[in-house]
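Chemist: Sequence:
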Amino acid sequence: MSEDKVWDVEEYVKPPEGGSVVSIITRIEVTPSQTLGTCPESMRVHSSTCHSDDDCIAGQLDMQGNGIRTGHCVPYYHGDSKTCEVSAWCPVEDGTSDNHFLGKMAPNFTILIKNSIHYPKFKFSKGNIASQKSDYLKHCTFDQDSDPYCPIFRLGFIVEKAGENFTELAHKGGVIGVIINWNCDLDLSESECNPKYSFRRLDPKYDPASSGYNFRFAKYYKINGTTTTRTLIKAYGIRIDVIVHGQAGKFSLIPTIINLATALTSIGVGSFLCDWILLTFMNKNKLYSHKKFDKVRTPKHPSSRWPVTLALVLGQIPPPPSHYSQDQPPSPPSGEGPTLGEGAELPLAVQSPRPCSISALTEQVVDTLGQHMGQRPPVPEPSQQDSTSTDPKGLAQL
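All residue numbers for the sequence shown refer to the numbering used here, where the first residue is 5 and numbers rise by one.
Hints listed in this document are in silico derivations from the structure and should not be mistaken for laboratory results.
Hints may be right or wrong, so weigh each one.
Claimed, not checked - DSSO-like, lysine-lysine: derived pairs with alpha carbons at most 30 Å apart: (1) K254 / K118; (2) K118 / K209; (3) K165 / K142; (4) K142 / K118; (5) K223 / K108; (6) K254 / K130; (7) K238 / K223; (8) K130 / K118; (9) K108 / K118; (10) K165 / K223; (11) K125 / K200.
Make a model of the complete structure from these sequences and hints.
Modeler: Below, the structure is given as structure tokens:
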């Protein structure tokens with residue numbers, strides 16, 4: 005309150021809307037002839053009902069109410085109920101005000117949406133209105149195919165594109181977003197940079213507590229030049245929020261090279277490409293090839309000797325060599341054992357695997373590896389000591 009005057013939301017919220025927003029009223033509830041005085045509080049206010057003056061505290065202010073309580077319990081406007089008396093604009097709004105539906109003609113209401121974009125980096129600007137005659141906008145409405153640069157929209161068209169029923173939306177109100185999207189490739193001509201419009205509902209449709217849209221305002225006048233009177237209007241309507249998105253791009257060589265090099269490096273193509281260039285176009289490509297690659301020579305003899313080496317490592321008698329022909333059996337070296345006659349067989353002790361001494365095993369491994377690589381190491385001279393003491397089983401001769 006300010007002295008004897010009560011200020012409510014309709015008076016200290018100016019204007020009731022924000023930027024890039026427009027509202028179209030489709031239904032109103034009117035509370036006429038309000039004057040400053042005392043009257044019963046609305047029953048829709050929490051804890052406003054009472055039975056006696058003890059239930060009402062003088063000077064108490066309910067932020068959801070209409071004024072300051074006087075401390076009296078008085079009969080309500082209609083019925084047998086009682087509510088606490090308040091000092092406010094009377095009579096207060098209680099939901100029984102005059103109701104007027106304005107939605108019959110509302111679908112044909114039109115809205116002009118002016119919009120322009122500016123990309124300072126590319127020094128490019130453009131608007132959504134065609135540069136034609138001054139009276140062009142007086143005879144056109146928006147059509148994506150025939151008139152994309154006539155931003156005059158029918159309210160019914162906007163609600164329909166948002167997928168809503170106009171009658172239901174006009175009764176409780178709602179919020180519709182008009183999204184303007186500027187996605188421009190500035191390498192093309194200016195005529196290819198055009199706005200794209202889309203529409204959708206922004207308020208939660210199925211949430212009773214937050215769906216819909218309404219606001220209040222008042223009209224003031226004086227009676228007999230002395231008494232200030234006002235008409236309170238609670239307006240339901242469709243609010244249009246204009247939302248603009250934009251993105252523009254233009255070809256540039258340096259970012260392209262950086263992005264391409266990053267992509268090639270991430271998948272491992274960079275090293276392959278560098279090697280190919282050095283091995284193909286450089287003057288010293290042979291030197292680079294010699295430093296990068298090692299030549300591997302394949303053995304001249306087949307790898308059939310590896311079973312012999314494996315048998316020696318396992319401490320077993322190696323299988324007979326396979327380099328002789330099938331018609332002529334191998335003959336033992338002179339001085340290394342008895343010569344077997346034709347049709348004779350090796351003794352059982354020679355055919356079965358037997359463990360070898362470390363010295364004999366080493367000698368045979370070196371001999372076998374030397375034969376496999378095409379080189380035979382020199383055979384050491386036999387020692388003068390008795391072989392029976394060092395090799396009691398005669399494994400070295402085998």
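Chemist: It remains to establish, for every hint, whether it holds in the given structure.
Modeler: Hints versus structure:
Under the criterion of a C-alpha separation no larger than 30 Å, the hint pairing K254 with K118 is consistent with the structure, at around 26 Å. A distance of roughly 28 Å separates the Cα atoms of K118 and K209; the hinted pair therefore holds under the 30 Å criterion. A hinted pair counts as satisfied when its Cα atoms are at most 30 Å apart, and K165 with K142 qualifies at roughly 23 Å. Note on K142 and K118: the hinted pairing holds, with a Cα-Cα distance of about 14 Å set against a maximum of 30 Å.
At roughly 24 Å between alpha-carbon atoms, K223 and K108 fall within 30 Å of each other, so this suggested pair holds. With a CA separation close to 16 Å, the supplied pair K254 and K130 stays within the 30 Å bound. At most 30 Å may separate the alpha-carbon atoms for a hinted pair to count; K238 and K223 meet this at roughly 12 Å. Distance check on the hinted pair: K130 and K118 sit about 11 Å apart at the alpha-carbon level, within 30 Å; holds.
Between K108 and K118 the CA atoms are separated by roughly 26 Å; this keeps the pair inside 30 Å, and the hint holds. As the CA atoms of K165 and K223 are separated by approximately 35 Å, the hinted pair breaks the 30 Å bound. About 22 Å separates the Cα atoms of K125 and K200, which keeps this hinted pair within 30 Å; it holds.
Of the numbered hints listed earlier, the single one contradicted by the structure is hint 10.
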